[in-house]
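There are 4 protein chains.
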Amino acid sequence: MNGTDKAGLGVGLVGTGYMGKCHALAWNAVASTFGDVERPRLVALAEASVDLALSKAREFGFASATGDWRELLANPDVDVISITTPNRFHAEMAIEALKAGKHVWCEKPMAPRLEEAQAMHAAWRASGKVAALGYNYIQNPAMRLIRKLISEGAIGAVNHVRLEMDEDFMADAQAPFAMRNEASAGYGALDDFAVHPLSLLRFVLGGVAEVFGEMSRPYAERPDGKGGRRAIENYDIATALLRLDNGASGVLTVNRAAWGRKGRIQLQLFGEGGSIVFDQERFNEVQLFKREGAEETQGFRTILSAPVHKPYDRFIPAPGHGLGFNDLKVIECRELIGRIRGEQASIFDFDDGIAIEKTVHAIADSFGKGGWVKVA
Amino acid sequence: MNGTDKAGLGVGLVGTGYMGKCHALAWNAVASTFGDVERPRLVALAEASVDLALSKAREFGFASATGDWRELLANPDVDVISITTPNRFHAEMAIEALKAGKHVWCEKPMAPRLEEAQAMHAAWRASGKVAALGYNYIQNPAMRLIRKLISEGAIGAVNHVRLEMDEDFMADAQAPFAMRNEASAGYGALDDFAVHPLSLLRFVLGGVAEVFGEMSRPYAERPDGKGGRRAIENYDIATALLRLDNGASGVLTVNRAAWGRKGRIQLQLFGEGGSIVFDQERFNEVQLFKREGAEETQGFRTILSAPVHKPYDRFIPAPGHGLGFNDLKVIECRELIGRIRGEQASIFDFDDGIAIEKTVHAIADSFGKGGWVKVA
Amino acid sequence: MNGTDKAGLGVGLVGTGYMGKCHALAWNAVASTFGDVERPRLVALAEASVDLALSKAREFGFASATGDWRELLANPDVDVISITTPNRFHAEMAIEALKAGKHVWCEKPMAPRLEEAQAMHAAWRASGKVAALGYNYIQNPAMRLIRKLISEGAIGAVNHVRLEMDEDFMADAQAPFAMRNEASAGYGALDDFAVHPLSLLRFVLGGVAEVFGEMSRPYAERPDGKGGRRAIENYDIATALLRLDNGASGVLTVNRAAWGRKGRIQLQLFGEGGSIVFDQERFNEVQLFKREGAEETQGFRTILSAPVHKPYDRFIPAPGHGLGFNDLKVIECRELIGRIRGEQASIFDFDDGIAIEKTVHAIADSFGKGGWVKVA
Amino acid sequence: MNGTDKAGLGVGLVGTGYMGKCHALAWNAVASTFGDVERPRLVALAEASVDLALSKAREFGFASATGDWRELLANPDVDVISITTPNRFHAEMAIEALKAGKHVWCEKPMAPRLEEAQAMHAAWRASGKVAALGYNYIQNPAMRLIRKLISEGAIGAVNHVRLEMDEDFMADAQAPFAMRNEASAGYGALDDFAVHPLSLLRFVLGGVAEVFGEMSRPYAERPDGKGGRRAIENYDIATALLRLDNGASGVLTVNRAAWGRKGRIQLQLFGEGGSIVFDQERFNEVQLFKREGAEETQGFRTILSAPVHKPYDRFIPAPGHGLGFNDLKVIECRELIGRIRGEQASIFDFDDGIAIEKTVHAIADSFGKGGWVKVA
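Protein chains in written order, with this note's numbering: chain Z, 1 to 376; chain H, 1 to 376; chain R, 1 to 376; chain A, 1 to 376.
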């Protein structure tokens, strides 16, 4: 008997770098993990070179490979396209895919420039298709717990937030000047990181109304690889004061030169009845303080992710065993399928993406002006 | 062009409970993750009922399904069989599979009784095939780091170890008497848990020469579901003093009624030049103390798993982002394929399994006798 | 034989609230703890009421008591006066004491208004006496370790700092409107807290050149105790962006309505070669990340305070046993005596106090103006 | 007016090493701290040499000094004697002091040999005086909280305990052979450490009925300081299985060669309704898991010591600010005074001391015999 006769979604994948692999793993795992969706059909994979495409198609289990991503648009077996190429290609690919009647699963951020993101948004609105963004950190069951706790009032109205994101891949002062140090590569840490904590904030609480931005350089220059030194053109550190839509105050800091921080995204959420703290480096844990019960036994509790925190149970039936980073993409994939199916699904679309990216650009704008800027 | 033309291993899967799903996820992911093995061919899946087999085959991507596991033995397309059924079936299935010329990937422990495990071992020796056990915790890159540190002498000769494993699924005193509380279900926590920390100990340091065992019951009886109460026949807590092959002393405690512990396996390893502490509830971290450098800056350091800790890099290119429990099975799957290929591979075979299970039985034996027992 | 014949410093104490008691404990303990100073003579204690003064003198071991603090100024046996009254009395008392030729040990902050602090500063300069401030957190051996590490370049040039101070004594939204919610009580959290993290920053690294301030209210109003509600006039939360004298960037946030935070003062210091993290709630620990050695074993290490971190050894000869909050005041007392003796001593004087308080006022000023303000 | 006219207890102190200093600090601080006892009169201090006695009397504030401890017995102004000399002197001094009609505050353990401890006990019973032991760890407000929680049933009946105590002062394998490595110095880690966790266990839960002991040597020999090596005669590591009076099982491990552990005393207490974990290296914190409320928010909470945990409030009015090791001795001193006054006081007397030391000797006895030994 044939176990795979029923047809799932037809998938096209563009890009096979890290996020491409992450999408491929998710498409391969989603049916086994969840058991309530048909196995996707891995139809076609596109890469810049045919040889790479072929080899990756074999690794990832795609039925065909191509060196031209536009072939996926023309392929009637493809229902949805994963776009995992460098950010500067997102706009063109997403717009074309949507025009071709495909659903789109695009890695974040939408695009380097707000105008491009807005064009993507317009194409999506015109298409009637699903356009989802790869904000996988929001798919963490721990993050869903935080959202649930806040929406249920477990810590009351949130009045102050602190967001930090730090890694150390730019911390080596002797690393030579690279493309990402050029002004043309964007603001620096602000682009690289800020969308992540802002997406978590949006997911659990909401958006940002007004910002005041500051950026700084831990190192003014780097070796130019030719025996000289070259001035760094963007900023490895950015900070912003926030005024949230709900009236809360906040502060956001991101640093890509923070020695010892590897994947830290810390949220501190202070409410009228308690506090919540989360750190992505221990993303199977939530810290919760509730002002309840006898004062003598109050304290921050460490909640370990468990089957009760859906959909952790689809991965592991026992609590405290730990999801991995790639598992979050599998959840995202399931949510995407749900959105395509018309289910209530928890995934960020281009509306969310625009809101987040506007906040980032407003921070940069404020830094230029030296005053508060509204997120229009 | 067809991306999946080259043939990988032919896989048969018996059992589709949690560990069956975990094996299926691993077989689906191993090629995409590692990129250096052909995608396995998911040939056939066996379950007790054909209907369940069919539905799981569709979920897991197996090409065919059967209600009779022996069909897999006769299928020439099957090279290796994943055995994920309840422990009491392991012996018969593994022995038959090995006799049929299949490689075997069997979940731990080998079997409830040592005689069965020994029969499995004999069948394996006679077969010339690979027989691997699902000790996935040893596949953790953090655990490999610990082994490497110890073998390189980073903390000198280890002279004392402490091992703990705790969960709380038997902690509810009001949960009704169940099969696992019967004497026929085994010793209790000793069978359920002890193989895990002992496998980690074996992996990083070595075996156990002599033991003194103790077992206890947190609750003497449980509701019998008929309005009465029934005496619990085995032990939810077990402790053993250990004398290791290398001369070190140790202590092992396991508790399946430990409220708040969800997946804790703590190792404390004390050596002549430092100490290492590990806790499975934060299994992407290793705590290392080295007696080196100025005393004023000595301290336990928290090492986050990172690409430098192979094969973490095959899952995520950035440090500190976190592997999940299921990822460890993918690594194990890759090691199994390596072992079958004749590569140097890091996986526990039936030699290891026998050594571990003998230790468990010696602890029980010692408890009965009230004196030290050699692990023969 | 008489063990107390040699004369130590003659001490006068004004105020017997918590900080008065803390000074008294320090004066009682300093000689026994350090063994290198004569026991201070506890000459006279002043309180608002004579009865309270008498009873506290008996408790604290002072030889005499008075209801008029000015009596201490006239007492030739008094060499140094501890000023521990509410902040609004500091200026008058300190100025008079200095004029009377007494050394002064005054609790921080110097005074609510900068003009008063400046008058104190002028009086000090004119007096030729020692004027020390009770910034006891800087006396922590862990903080001295951090300063030493930074000054030795252990983490290279510091390029970014984050400072947080949080408690929850104003977190209860139903607590009635109180004096501290009035505008006349000051800015709110900014006055209450900011001097603490700023003092630590100054101690380990240096001062602040420019600030941008923001303040917010978690609750707009409180019960007025008469069945109505009254608008809160100052701010329980304050945040500031910082540009440091050394060129580093920074952010400071303080919150006195942060549920679950009890005595948190967190410092994060990022440098060219490593990072340091400190949290006052675990003030016997320093977190240090150094980029050195093999990458596979790099990580934040937790350094426990120990005899090697002077003067911890004067309290406890064994490492990891833990100093207490009151012990820091004993160290401060020893430093004060050292300063009076003309030794090299580590204590903040009125120069330091003015610099810190100017920064606080600049933050408030910036908040009013909505732009960056230089700390003049 | 004279603030110190009313007479407190007359105190004699024997010994001025670390614990002598600790007692002296406590006697100096107890009245200021608590405010409800008269300031003790520091009458006389005894040391082996008169010169040392004189100098320490000056430091510690004692009115007189002597080279002969028996002078204190004859001094009618002395009501209570602090005995802080090496353990081998405790028995003689305590017995003589009690015979002389003095109350005794003796450092733990009572004596190296059980017979001596029993003689002390007999002398105490005959005296009608107070005889208290310096088990200062039980005075920790956090420990009182644990006792309260257990006695109130917050975690239900405790069915399993784990006790560990580790330091690293014997961890250096190259440290030369010293007196403490001789058999005449006692069992080794068992004497040095076991009384501490056993005292905590006794304080929060109760005593031990039966033990099985094991001891081991991390290093077989040490440099003898003359170019050769000498075999170590006692044991730096000891472990014991415990059967408690209340029917619970337990395990105790102590290690004075545990690199990186500085003052660790970890308790894990598992009960029918929850768990409690405590670590002396963070002794201002208690970890509590209660099985209550929604499963999705259950977790171990970290309770910071606070004024609500009496008598923390006598030291600091704000929560989370941290007591120090020496503060525990001040609490003990207050309890001692209370016991002398006839108040309900929480301090271990010689009944408690005998019970603890019998357990230690039973462990050693069991190790010799290789079987379980009842604590008679």
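Everything labelled a hint here was simulated from the structure, so no lab data went into it.
Heads up, some of the hints might be wrong.
Pairs count within a copy or across copies, as identical chains cannot be separated in the list.
[What the hints assert, rightly or not] In silico DSS-like cross-links for lysine-lysine, where the CA-CA straight-line distance does not exceed 30 Å:
(1) K99 x K226
(2) K369 x K129
(3) K148 x K369
(4) K369 x K358
(5) K226 x K129
(6) K226 x K108
(7) K310 x K108
(8) K226 x K148
(9) K129 x K148
(10) K374 x K310
(11) K148 x K374
(12) K374 x K99
(13) K108 x K148
(14) K310 x K129
(15) K374 x K108
(16) K310 x K148
(17) K310 x K369
(18) K99 x K358
query: Taking 30 Å as the upper bound on the Cα-Cα distance, should K108 and K148 be classified as within, between, both, or neither?
result: within (24 Å within a copy, 38 Å between copies)
- request: Pop the pair K310 and K129 into one bin, within, between, both or neither, using alpha-carbon distances up to 30 Å.
  value: within (27 Å within a copy, 41 Å between copies)
task: Could you place K226 and K108 in one of the four classes (within, between, both, neither) given a Cα distance threshold of 30 Å?
output: For K226 and K108, neither the intra-copy (34 Å) nor the inter-copy (54 Å) Cα distance is at most 30 Å.
task: Please work out whether the CA atoms of K310 and K369 approach to 30 Å or closer within one copy, between two copies, in both situations, or in neither?
output: Intra 44 Å, inter 47 Å, cutoff 30 Å: neither.
- request: At 30 Å max between alpha carbons, let me know whether K226 reaches K129 within a copy, between copies, both or neither.
  value: Neither: 50 Å inside a chain and 57 Å across chains, both beyond 30 Å.
- prompt: When no copy is specified for K374 and K310, does a C-alpha distance of 30 Å or less occur within a copy, between copies, both, or neither?
  reply: neither (36 Å within a copy, 46 Å between copies)
Intra- versus inter-copy proximity for K358 and K369 (alpha-carbon distance at most 30 Å): both (16 Å within a copy, 26 Å between copies)
- prompt: Between copies, within a copy, both or neither: which fits K99 and K358 at Cα up to 30 Å?
  reply: Classified as within: same-chain Cα gap 24 Å, cross-chain 60 Å, threshold 30 Å.
message: I want to check one pair: K99 and K226. Are their C-alpha atoms no more than 30 Å apart within a copy, between two copies, both, or neither?
response: neither (46 Å within a copy, 65 Å between copies)
message: With identical chains, the pair K226 and K148 could be close in the same copy or across copies; at 30 Å between alpha carbons, which is it: within, between, both, or neither?
response: neither (54 Å within a copy, 36 Å between copies)
message: Reference check for the pair K148 and K374, CA-CA at most 30 Å: within, between, both, or neither?
response: within (28 Å within a copy, 43 Å between copies)
query: Should K310 paired with K108 be assigned to within, between, both, or neither, using CA atoms and 30 Å as the limit?
result: Classified as both; 24 Å inside a copy, 28 Å across copies.
Hint compliance for this structure: hints 1, 2, 3, 5, 6, 8, 10, 12, 17 are broken, all remaining hints hold.
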